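Engineer: Protein chains in written order, with our numbering: chain A, 10 to 126; chain B, 3 to 114.
What the hints contain is simulated information worked out from the structure, not anything from laboratory work. Bear in mind that the values here come from a model prediction, so they are computed numbers and not experimental data. Errors might be hidden in some of the hints.
As the list claims (entries may be wrong) - Under 7 Å between C-beta atoms, here's a sample of chain A residues computed to sit facing chain B:
(1) L52
(2) G67
(3) Y73
(4) T114
(5) P119
Unchecked claim - Restraint-style ranges between C-beta atoms, simulated for each label pair:
(6) B:D57 / A:H50: 41 to 51 Å
(7) A:S74 / B:A83: 38 to 48 Å
(8) B:V80 / A:E23: 41 to 51 Å
The beta-carbon is built from N, C-alpha and C at its ideal position, and this holds for glycine as well.
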Amino acid sequence: DAGITQSPRHKVTETGTPVTLRCHQTENHRYMYWYRQDPGHGLRLIHYSYGVKDTDKGEVSDGYSVSRSKTEDFLLTLESATSSQTSVYFCAISESPRASGKVDTQYFGPGTRLTVL
Amino acid sequence: AQKITQTQPGMFVQEKEAVTLDCTYDTSDPSYGLFWYKQPSSGEMIFLIYQGSYDQQNATEGRYSLNFQKARKSANLVISASQLGDSAMYFCAMAGANNLFFGTGTRLTVIP
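Whenever a hint applies, use it, and build me the whole structure from the sequences.
Structural biologist: Here's what the structure looks like:
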């Protein structure tokens, strides 16, 4: 199993409060991703990182920011949480999206269940 | 834009029987990859199998095989000899430029 941890695993917060989720990897993979999972939508990409301090937006980035100050850590921040951000958040890692013409597999962390009241 | 469609919200299979989970995709990219992930009730996403668009043979990993029909744009997952532990959600995904596009999943229930 890929060495990916997420913290916290569960969090309940109130609308309007800031929240930061952490993803930590021990695989030294270059790429890291944040997804959210909602019923009826599968997983959708929020943001991703292709190196230290290099990040880009995904499909559902509004209301989220990310930071990556070192290879092993990728932080997801909800500046002012809303009830629509209640979801399960997954971090994933890969060596590269496409390496030598072959698509690289993404491996997922255990997920964080976030509830915004 | 890539799109993944899983039309079976739920499937049932008898233990020890084979089952096929459907997945169709749409993309204009000539080079792409298709994945299947398993999500048991505990919630983690487990990588099962990968198929590249230029791979000549269908991918296999133990009891999992991918029935890849490029002309039909389908990438169905076949699980042989189902086990009770196979009960889970199964997601088909396609690799985009920098992320995965997921289908909505199929819930498989294995009946003893």
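Engineer: Hint by hint, note whether the structure agrees.
Structural biologist: Checked hints:
no. : hint                      : in the structure
1   : L52                       : holds, 4 Å
2   : G67                       : holds, 6 Å
3   : Y73                       : violated, 14 Å
4   : T114                      : holds, 6 Å
5   : P119                      : holds, 5 Å
6   : B:D57 / A:H50: 41 to 51 Å : violated, 29 Å
7   : A:S74 / B:A83: 38 to 48 Å : holds, 47 Å
8   : B:V80 / A:E23: 41 to 51 Å : holds, 46 Å
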